[in-house]
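Could you use the hints to bring the two separately framed chains together as a complex?
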Amino acid sequence: MAEITYREALNQALAEEMERDPDVFLMGEEVGVYNGAYKVSKGLLDRFGEMRVVDTPITELGFTGLGVGSAMVGLRPVIEFMTYNFSILAFDQVVNSAAKLLSMSGGQFPIPITFRGPTGAALQLSAQHSQALEAMYAHFPGIKVVVPGTPADAKGLLKTSIRDDDPVAFFEGEMLYNIKGEVPEDEDFTIPLGVAEVKNEGSDVSIITHGKMVHVALQAAGKLAEDEVSAEVLDLRCLRPLDTDAILATVAKTNRVVILEEGWPYGGISTTLTTLIQEEAFDHLDAPILRVTQADVPMPYAKGLEKLAKPSVERVVEQVNKVLYR
Amino acid sequence: MAESTKKKKKGGRKKSDAEMEVKAEEASEQADVSEETTDQEAIAAESAGDETTDEGDNQVAAPKRPDPDWQKAEKPDLSLDERLQGLEEDQLRQMMKDMLLARRFEEKAAEAYALGKIGGFCHLYIGQEAVVTGAVHAQTPDDYVMTAYREHAHALQVGMEPGVVMAELFGKETGCSRGKGGSMHMFDKERNYLGGHGIVGGQVPLALGVAWAIKYRKEERVMQVYMGEAAVNQGAFHESLNMAALWGLPVVFIVENNRFGMGTAWERASSLYDISQKSKAYAMPGRVADGMDVLDMYRVTKEAVDRAREDSGPTLIEARTYRFVGHSMSDPVHGVYRTKEDVEEHKEQKDPIRLFADVLDEAGIVSQEELEEMDDEAKRISAESVEFADEAPDPEPSALYEDVYANEDVNGRLYFDGRERP
Ligand SMILES: Cc1ncc(C[n+]2csc(CCOP(=O)(O)OP(=O)(O)O)c2C)c(N)n1
Ligand SMILES: [Mg+2]
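Taken in sequence, the protein lines are chains A and B. Sequential numbering of the first sequence, starting at 1, is according to this note's numbering. Sequential numbering of the second sequence, starting at 1001, is according to this note's numbering.
Just chain B, same shape as in the assembly (with noise of 0.2 Å):
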């Protein structure tokens, strides 16, 4: 299938484009801590054979190290037209200023944790727009969402404002969690959006327990539920996966699939290469979306969420996807677990962004300056968010007792620490 899809002339990127690249090579450069690069061949390349066998109903894939075309190894072969049926010109336009947003975002708040106004872990999005943007826009504003602790650019997404959610970085009293939850932990209730959970698989039975209020109540909701490949290997997800398949729940279960969990690499971490598949252990629809991909994403997070809401059924989805940056914004971009070309190679041929621009350019729905209006547009909301979040007021002394408890109307001593409240 590799073949068969369309390969993006070379040479022929504009100069924004490339700007633009210029621009998250800086963010990305800031957040390597200088690991030098090793030379040192993948270790999945030995580790692992290429053949995948599917002889019978007990086999399955064999681990195997992705071949460059990895992330579209299950898409169909759509016309341009077909890639974009079923969105209007206006969502298409906004999900390009919703990816620009989140990328521009995410290189402004790179640059606040090198000044300092940042702390703790902080870990960026940059290269994985495609996958929330595509995958929100598949559902209703009446959905939710929840997801790990990679979540700045899922929090922007359901419709948050960058302000408050900078505020939160700089963990200030606006912050959407009042500066108590801060990069791992943002909430918006009124818009559905569950957080923000920074235990590796810890969100994924909460998010079980949603999708169950949902049947509960009868209401026809959809529950989005974000974690990483690393997640797929707790024992929260397979529990959560049998009950959401054994009840019928309407949860879509997206695995953001970007190969690494910190350092080790799927191949190392999985006897089954193939995590769609995992699904079939579950009696679940199991699909791969191609996550630099932002029509894909659409198209795959589509299906599962009409289904859900039709028939109360989960899916399971893997989006195959790519960080441009470090773990965190205290780890390498690049070192002893994956070489400087390979991200070279992601970010010139794989860019989400780019990827997109190029369909809407050929589309004719979005034009090169059009393109720069929108950048420059998602540039100053991220430089604004950055000044609301410097004017907004820390916590209070006080507020370090607020919130640990609901109901503190209750007899008796809730707090041991044998301290006067502030």
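Chain A on its own, in the form it takes in the complex (with noise of 0.2 Å):
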């Protein structure tokens, strides 16, 4: 085990990748010369060359689709966006091709393609750059959604998706290139996709999460913990597959849910979540099951507005006690 970066866990699991299968390539703006945008690439052009770590102009729909072809015959491409934000200029590309190649040839086209980059909020990007866009890619039947709130679940994760025969998106949070974690060093580490993990184990309540908003979950988590609050955080890690038996089992372990996510509420994932639990542990709850997401507005851009849109520990704290009638 080595202490690395999140950013550092997904350079060595490209670079992993691309060794091991000379049908992966990395494709997307500034990639290549320019190390990435947020340096997840770097040095990886010098190490594979071009054809295979490939800077494209500014044309997001037009890269998505060329992946999404030259997976059509084979290739394994693993296509960056910049920030999610931009992913919806090729939103056509990944819905209408990608999502359903497969289905519409009756099973002649598997799409064995990675979308992956930063999404979420940063820091006063305002509206059109502070999007989490996860529940909109987990919507289509077709896409696999891989949401790593840890540098070992990034580096796990995503060799798991590259080497998957189904188009995946793997989200990034934008925040998080920079926390370092423990890493397996080893070559064949990978994660299963649908895999959730407990990241705290608690009695009282469940707070249900996933990528940037497990460590939110984790802060309030410790602040209950002081109140004598025993919050258990389930980190999805994928939300397709959704790994359904662990969400169950830790409503039946608590009886009592917060879902916190970085999205809007409508139709969010917090709102399949729900759908979910009510339908299969009705019985199993004491509470209803309240959300934690962000506020159901553009991002706006003032700091203090910007506070006030995005999930909290304190909000997270808030929704746990009144579940918990305090």
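Since the hints were made in silico from the structure, they are not lab data. For clarity, every value in this text was computed on a predicted model and none was experimentally measured. It cannot be assumed that every hint is accurate.
[As the list claims (entries may be wrong)] In silico SDA-like cross-links for lysine to any residue, where the CA-CA straight-line distance does not exceed 25 Å:
#, chain 1, residue 1, chain 2, residue 2
1, A, K253, B, G1418
2, B, K1218, B, Q1234
3, B, K1302, B, F1388
4, B, K1189, A, D92
5, B, K1215, A, M51
6, B, K1218, A, D55
7, B, K1218, A, R52
8, B, K1215, A, R52
9, B, K1215, A, L45
10, A, K223, A, V317
11, A, K180, A, K310
12, B, K1218, A, E50
13, B, K1215, A, V33
14, B, K1117, A, G107
15, A, K199, B, R1413
16, B, K1189, B, F1121
17, B, K1189, A, G74
18, B, K1218, A, K199
19, B, K1189, A, N96
20, A, K199, B, L1414
21, B, K1189, A, P141
22, B, K1218, A, A15
23, B, K1189, A, D23
24, B, K1218, A, R163
25, A, K253, B, F1416
26, B, K1215, A, E16
27, B, K1097, B, V1200
28, B, K1215, A, A15
[As the list claims (entries may be wrong)] Simulated coverage check for chain A against chain B, where a stretch passes if three residues somewhere in it have a Cβ under 8 Å from a Cβ of chain B:
#, stretch
29, 53-65
30, 90-100
31, 106-113
32, 160-174
33, 185-197
34, 235-242
35, 272-283
Glycine residues also receive a C-beta, built at the ideal position from the N, C-alpha and C atoms.
Here you go:
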């Protein structure tokens, strides 16, 4: 085990998978000469050359479709979105091509592509650059959605995503690139898709979350512990496939649930989880399920307003207290 | 140039040709959901000047209404021998058979649609046969083909079994896409046929990716991608042309300009009339082909395919053609957007099958008698494809959740409808 950053973990995963399989290539804006807008691809151009680390023009729809087309004939592209906000321009190719080609072709064309890039708000980037779009991707059958919150999960899950034969949308936390954590050095270290992880054991309430929000949940759990409240934090790690067994198990254990996500509430991840839990674990619930999400507004620029709009430790604690009727 | 093009003697049409047209007529009448022909002038007539200006590099052609010989505008005046150059008699015969099959197959599809055996959108290719036949004959079976939703003829042209194509139209398990794709989404991996795409322009970046893969693997293959002229206004088209030229990818972009995107005439949709000129913005060669002349399609495409294979360079081809039928089976053949006379005139004077039959006759390659035999054969194959599709099984209910994911060997749940799998 070595302690490395989330960024380095991603870089290792890319390098190892490109080394392992000559069909894997990385394409996107600034991934080569510039070493990546967030330096995730640092050094890869020198190591693998320009057919495999490809700088594109700013042309998201075009290079995303290019990736999907190359996957139709067996390459395994990793398409980097500088941030997922810009993937909205490419969404036609994600939704209408990547997600549907296998089905529309009666099983003839699997699309082994990985989309990746940062999601969610950083600091004061305002409305167009501060969106958590996981729910939008998870909406579509045919796509898998992976949302790692720690360096180890980032590495193990990116490797699995690249090896997977389906389109995988891999969401990195824009604010997570610098966080450090223990990561196994073994080149065969992978994490299977669809396995959630309890990041903090607890018995009074379950906070179910993913991605960057795992850290908010852990801080909230720390605060609650000071108050003698034992909060379990379940990190989903993948949204599709979804570890429903783990979700139902934590609900059965604590009987109270707060769902925390960075995205908006309408049609969000928390909406789906709430439905699932009430359909399949209704009898285990001792209180209504409550949620913490981004405020239902476009992200404002002003510091104070932005803070109000984002999910916070305080709001998680508040909702936990409500489900505990405290 | 129009003047110098040989005019076909009128009234000299042979019986079987006339017959052929009657059939095409029947099919298009079926397609006609009886919108009255309006006497309205082509809107284009007023909206556009007639002059093409080309003064210096900054000048481009102004929108203009097609003259009657629009399709032939840039066709060189070649002798019969020159036109047939490089093509063996067998291949010429095969081209004729292919076009006849495309025509007769579509007529059968129209019939089946009228009987309710085919559902949804169904876009026929009648009138445009020369385009795909000429272009696919210019490449090899190792090369790839991809197109939009007006694709039955493309599927047949790459060699897919007519029965399997018809079964897909019928939504049957033994259809080429197991009944999941239908008219707009045919695929055949084995024959390098990459579909069948329903989002206007959506296939163009995909084709770019296939061309990228060819270059990545240092293969000597070529990607042929087709689109309607309306797709040229999509960003996807422009983004793709840019990268294809920037990276020198072996792709041939074939725009099937049938003058209309549903009911919108090209001159009402593009600030630049001449599609082939759009290639100039990307430093790419642009060519015009007469899309009613299978030999011209072959000639122009062959040059582009050879260039793609040898220098890995892309080409934009504008194939000027015309559809004799409505946009889809649920759209009128004519009406507010084009006149009945316009359609009739094209059918009478530019039917690509009749034009090619005349060439083969003149060259002494296919006699009248042989043409009739070929046509009977095409009718027989088409009829058999319907029989095959009629008898083919429907997909089992269990197929509903098949082929959504290639790898379901994951932990957790992939489907959220809460239903038992059938
Ligand atoms: C992105 C998109 N917008 C609109 C449509 C609806 N639509 C289907 S075909 C068509 C006309 C396209 O015309 P063209 O590209 O010229 O092809 P043609 O039908 O003439 O072969 C339209 C508007 C669509 N399928 N996709
Ligand atoms: Mg058109």
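Results for each hint:
1. Distance check on the hinted pair: K253 (chain A) and G1418 (chain B) sit about 23 Å apart at the alpha-carbon level, within 25 Å; holds.
2. Simply put, K1218 (chain B) and Q1234 (chain B) have alpha-carbon atoms about 30 Å apart, too far for the 25 Å limit, and the pair is violated.
3. Distance hint between K1302 (chain B) and F1388 (chain B) is unfulfilled; the C-alpha atoms sit about 35 Å from each other, more than 25 Å.
4. The straight-line distance between the Cα atoms of K1189 (chain B) and D92 (chain A) is roughly 23 Å, inside the 25 Å bound, and the hint therefore holds.
5. Proposed proximity of K1215 (chain B) and M51 (chain A) is supported: the alpha carbons are some 9 Å apart, at most 25 Å.
6. Restraint check for K1218 (chain B) and D55 (chain A): the C-alpha separation of about 20 Å stays at or below 25 Å, so the hint holds.
7. For the suggested pair K1218 (chain B) and R52 (chain A), the alpha carbons sit about 13 Å apart, so the restraint of at most 25 Å is met.
8. For the given pair, K1215 (chain B) sits about 12 Å from R52 (chain A) by alpha-carbon distance, which is consistent with the 25 Å threshold.
9. A hinted pair counts as satisfied when its Cα atoms are at most 25 Å apart, and K1215 (chain B) with L45 (chain A) qualifies at roughly 18 Å.
10. Under the criterion of a C-alpha separation no larger than 25 Å, the hint pairing K223 (chain A) with V317 (chain A) is consistent with the structure, at around 8 Å.
11. Distance check on the hinted pair: K180 (chain A) and K310 (chain A) sit about 23 Å apart at the alpha-carbon level, within 25 Å; holds.
12. Among the hinted pairs, K1218 (chain B) with E50 (chain A) is consistent with the structure: their alpha-carbon atoms are about 14 Å apart, no more than 25 Å.
13. Restraint check for K1215 (chain B) and V33 (chain A): the C-alpha separation of about 21 Å stays at or below 25 Å, so the hint holds.
14. For the suggested pair K1117 (chain B) and G107 (chain A), the alpha carbons sit about 24 Å apart, so the restraint of at most 25 Å is met.
15. Between K199 (chain A) and R1413 (chain B) the CA atoms are separated by roughly 21 Å; this keeps the pair inside 25 Å, and the hint holds.
16. Taking the CA atoms of K1189 (chain B) and F1121 (chain B), the gap is near 23 Å; set against the 25 Å cutoff, the hint holds.
17. This hinted pair checks out: K1189 (chain B) and G74 (chain A) have alpha carbons roughly 11 Å apart, not beyond 25 Å.
18. Taken as a hint, the K1218 (chain B) and K199 (chain A) pair is broken in the structure, with Cα atoms around 47 Å apart against an allowance of 25 Å.
19. Taking the CA atoms of K1189 (chain B) and N96 (chain A), the gap is about 19 Å. The hint holds against a cut of 25 Å.
20. For the hint linking K199 (chain A) to L1414 (chain B), the alpha-carbon distance of about 23 Å falls within 25 Å, and the restraint holds.
21. For a cut-off of 25 Å, the pair hint linking K1189 (chain B) to P141 (chain A) stands: about 23 Å separates their Cα positions.
22. Of the pairs offered as hints, the one joining K1218 (chain B) and A15 (chain A) holds, with about 22 Å between alpha carbons and a cut-off of 25 Å not exceeded.
23. Only pairs whose Cα atoms come within 25 Å are accepted, and K1189 (chain B) paired with D23 (chain A) is accepted, the gap being roughly 19 Å.
24. For the proposed pair K1218 (chain B) and R163 (chain A), the alpha carbon gap of about 23 Å is at most 25 Å, so the pair holds.
25. Restraint check: the Cα-Cα separation between K253 (chain A) and F1416 (chain B) comes to about 23 Å, which is no more than 25 Å; the hinted pair holds.
26. For a cut-off of 25 Å, the pair hint linking K1215 (chain B) to E16 (chain A) stands: about 23 Å separates their Cα positions.
27. For a cut-off of 25 Å, the pair hint linking K1097 (chain B) to V1200 (chain B) is broken: about 30 Å separates their Cα positions.
28. A C-alpha spacing of about 22 Å is found between K1215 (chain B) and A15 (chain A), which places the hinted pair at or below 25 Å, so the restraint holds.
29. For a cut-off of 8 Å, the count of residues in the stretch 53-65 of chain A with a CB near a CB of chain B stands at 8, and the three-residue condition holds.
30. Chain B is given as covering the stretch 90-100 of chain A, and this holds because 4 residues of the stretch bring a CB closer than 8 Å to a CB of that chain, at least three being needed.
31. Here's how the stretch 106-113 of chain A fares: 7 of its residues keep a CB closer than 8 Å to some CB of chain B, so the rule of at least three is met and the hint holds.
32. Coverage of a stretch by a chain is defined here by at least three residues with a beta carbon nearer than 8 Å to that chain's beta carbons; for the stretch 160-174 of chain A and chain B the count is 3, and the condition holds.
33. Coverage of a stretch by a chain is defined here by at least three residues with a beta carbon nearer than 8 Å to that chain's beta carbons; for the stretch 185-197 of chain A and chain B the count is 5, and the condition holds.
34. Residue count for the stretch 235-242 of chain A with a Cβ under 8 Å from a Cβ of chain B: 4. That meets the three needed, and the coverage hint holds.
35. Given a C-beta distance limit of less than 8 Å, the hint that chain B covers the stretch 272-283 of chain A holds, as 3 residues qualify and 3 suffice.
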